[in-house]
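A.B. asks: Residues per chain are reported as follows:
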Amino acid sequence: MTDVPATALEPLAPKPTAEERWRALRTVSRGDLIYRSVLTVLALLLPLLVVLIAVELVSNAMPAVHKFGFGFLAHSTWDPVRGQFGALPLIFGTLYSSLVALVIAVPLALGCAIFLTEFAPRWLRTPVATLIELLAAVPSVIYGLWGIFVLIPLLRDHFWPVARHVLGELPIFSGVFYGPSVLAAGVILAVMVLPYITAVSREVLLAVPPSQREAGLALGATRWETVTTVILPYGRAGIIGAVILGLGRALGETMAVTMVIGNRHEVSASLLQPGYTIAAAIANEFSEAVSDMHLAALFMVGAVLFLITIIVNTLARVLVWRVARGSAVGSTAI
Amino acid sequence: MRGRLIRRLFGSLMTGATYGAAALAILPLAVILGMLLVKGAGSLDWNFFTKSAVPFGESGGGFANAIVGTLIIVGLACAVGVPIGVGIGVFLAEFGGGQLGLAIRFVADVLNGVPSIVIGIFAWTWLVKPMGHFSALAGGVALGMILVPILARTTEEMVRLVPNSLREAALALGYQRWRTSLQVVVRTAAAGILTGCLVAVARVAGETAPLLFTALGNQFFSTRLQGPMAALPLQVYVYALGPYDEWHRQAWAGALVLIMLVLVLSLVARTVVRAKRQHA
Amino acid sequence: MPSVSTPERSRQHPAVTPPPTQPAASRAVAEPAVVPRLATDALTAWYGSTSGVRDVTLACRENTVTALIGPSGCGKSTLLRSLNRMHELVAGTRVTGRVLLDGYDIYERDVNPIQVRRRIGMVFQRPTPFPMMTIAENVAAGLAIGPKVSRSERADIVEHALKRAALWDEVKDRLHDSPLELSGGQQQRLCVARTVAPEPEVILLDEPTAALDPGGAAHIEELVQELKREFTVVIVTHNLQQAARVSDYTAFFYLGELVEVGPTTRLFTTPLKPQTEAYITGRFG
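Chains A, B and C are the protein sequences, given in the same order. The first sequence begins at 1 in my numbering and counts up one residue at a time. The second sequence begins at 1 in my numbering and counts up one residue at a time. The third sequence begins at 1 in my numbering and counts up one residue at a time.
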């Protein structure tokens, strides 16, 4: 064998015979089984959590369901003192404020996504994308703070006096504008969901094969026309998914909304009137619920919110997965 | 020919519009940061960081209780959420190829979309109602529940980036699968996993809604885990809605501290994560 | 000889040329035929329902280098991976037939593949040092799973392994640095050191020089000649000259079948099969 100093290779025990080595080949390693089992148990905690949340929400809402049935979702009177709980204003406000947010955010977000994937010079892409992503990192309560002290005065004292001449006749701009309103909430929500819609749309657009782009240009389309006639239609499902994802985020926002929406149980078509969302109502009334029935009613709307956001987010992810398969798109905190 | 010109002009116009969209999107960020600096920086004095809230009307109070409270509650959240979240992430990366992995990944994404206020009232039913009182512990666990699905996905992404050739080399040495996973794969992905944690912590540190009915907030300085505890975003919320100008002033200062914390963590983490993604 | 109870030892393997016969008088105390260190018997490796390599019967004597050659896709890498039970790590794969290590079938039902891989080591095409470990830690990586060794013993083993891999002089002053600072050739020698440190019996090399520059490749080839003194080596290569340079025996594969095997000089000068000759003279592949 090789020339080796004796000390380097001194085995701790006499070298095993072939038979012993053969037996060693058959020893079992149990570590793998334990490892996999532990990790699997951890993983199963996630679906367990979802189930637990659903069960707790529903069971705590039962008193309200028994008393009011599901019709309570259609009534407008929310009077804890008299024990009347109609959740229509909450549901209406949740949907209305989110709709306003999307109307503002979607064109902007799409514009940003197209900007970042098609037109921005290369050196500008990462900084701008990072800045837009940072919008998502700002805590909700800070948006609310800004909303109370900056946005509302801006809307009330500068925007509306001017805009009322043009928009004042429209029913969605009727009534006296005191400040806290669905409009204010919609604007803030728009800023908050914009980074999510942009990020996911951008991933979707990046997933469009370059051959599609080239085909459009080869047919004589301008850059912009290629975007509208080739790229956007190709990524259509994913972009719709991105929008729905933004909707999901808007539906659940709590702090910023409750600080600027006015917190009034009222259904009104006007953007200038105060409103209420499910999340905001829970935030405001939960700690000071006047009765068990009040609490149960809050749990009930909480369960409704839970269900709506699950459905919306599931729909969004299915649409996005179809275009940008399997990636962690839109699911991280970005 | 004219048709082509019009199309080109329109294209340029729309290109400019996208520039405008990007600028408009970034504007609120600039405005918010600017306002926080302008309105809050002036109030960041020594008192602010060392004194707790004082009875209304008096001056000289600070946010010490809230800052320490946030550190404690977020620390609790990490203690609960990091091991579970990272563990689930490793599961998804190492064993998540089949149906179960698909299902768990899907559930994680769903959980990521559940409003944090819902998590808050859930934590209330499990940790406050049975115990009979609000607690920092409950707040920490609530935030931990938000951490877990975020960490699961970011950890999975980072572990997946480890090249398969490293796994093969370890297995060829006779490493068991668990040893390969822990001592080679996860160890290689450790830096990325850590930065994923930073991103998640930044997000969770700014959450107010889950704390409303769990930690509740506390006027006084307290480090007692089984009692109510102040937190930075909570206190900003309460002070912003309060009737006193003094409170408003401090709310801006508190918000500035909060945003600094969040942004620094976010920027550091995102820079490293992006570098790792490009490296792979 | 210890009594052989359960496992079936093949005393006379078909592919091994029998040793010269003993004179009658000493036959009573004659040595039995040499059991090859590593051998296969009707080995077929499957990907789902197609076979990557089929019905391979081959033997490798101790302290020899056997080269597996053939055009791309001929199954030589698949065969190599079947020898240390790496093939089965891919979903949907399986192996039929036997692989005999010292005459014992490593594919028998109760055998733990992890233990097999500790006795049959492998070096891959691309150098894969563990990035989060130092150079010394990389070399000692295989020791973590064996019997415990003291720090000084580990240091000795690391030094010895690096010397055998002809890398010691180049890294002895930076054992605690990152392996990523080494060149490709050095990293590959590091992987060889890592593979030999736990003293396996067989070393498998899967195109070890394919990703290296000629200088680095030359180092590895020298290494292979050294390694055969202590180990049994099987090397897959698509570089015919390399096979001719380093190996004692060569096996030629084509379309998943073992076409011809024999001593290297014989195979390269007077191949028996027409396909072998065609490949060696460069008419295809």
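I should point out that these hints are in silico values taken from the structure, not numbers from a laboratory. Among the hints, erroneous ones may be present.
Facing chain A, from chain C, some residues (calculated, C-beta under 10 Å) [stated by the list, open to error]:
id: 1; residue: V35
id: 2; residue: S49
id: 3; residue: D102
Model, not experiment: these values are computed from the prediction. The beta-carbon is built from N, C-alpha and C at its ideal position, and this holds for glycine as well.
A.B. asks: Now look at each hint and say whether the structure bears it out.
C.D. replies: Evaluation of the provided hints:
1. A hinted interface residue such as C:V35 counts as satisfied when its beta carbon comes closer than 10 Å to some beta carbon of chain A; here the least separation is about 9 Å, so the hint holds.
2. Because the smallest distance between the Cβ of C:S49 and any Cβ of chain A comes to about 27 Å, over 10 Å, the interface hint for this residue is violated.
3. A hinted interface residue such as C:D102 counts as satisfied when its beta carbon comes closer than 10 Å to some beta carbon of chain A; here the least separation is about 5 Å, so the hint holds.
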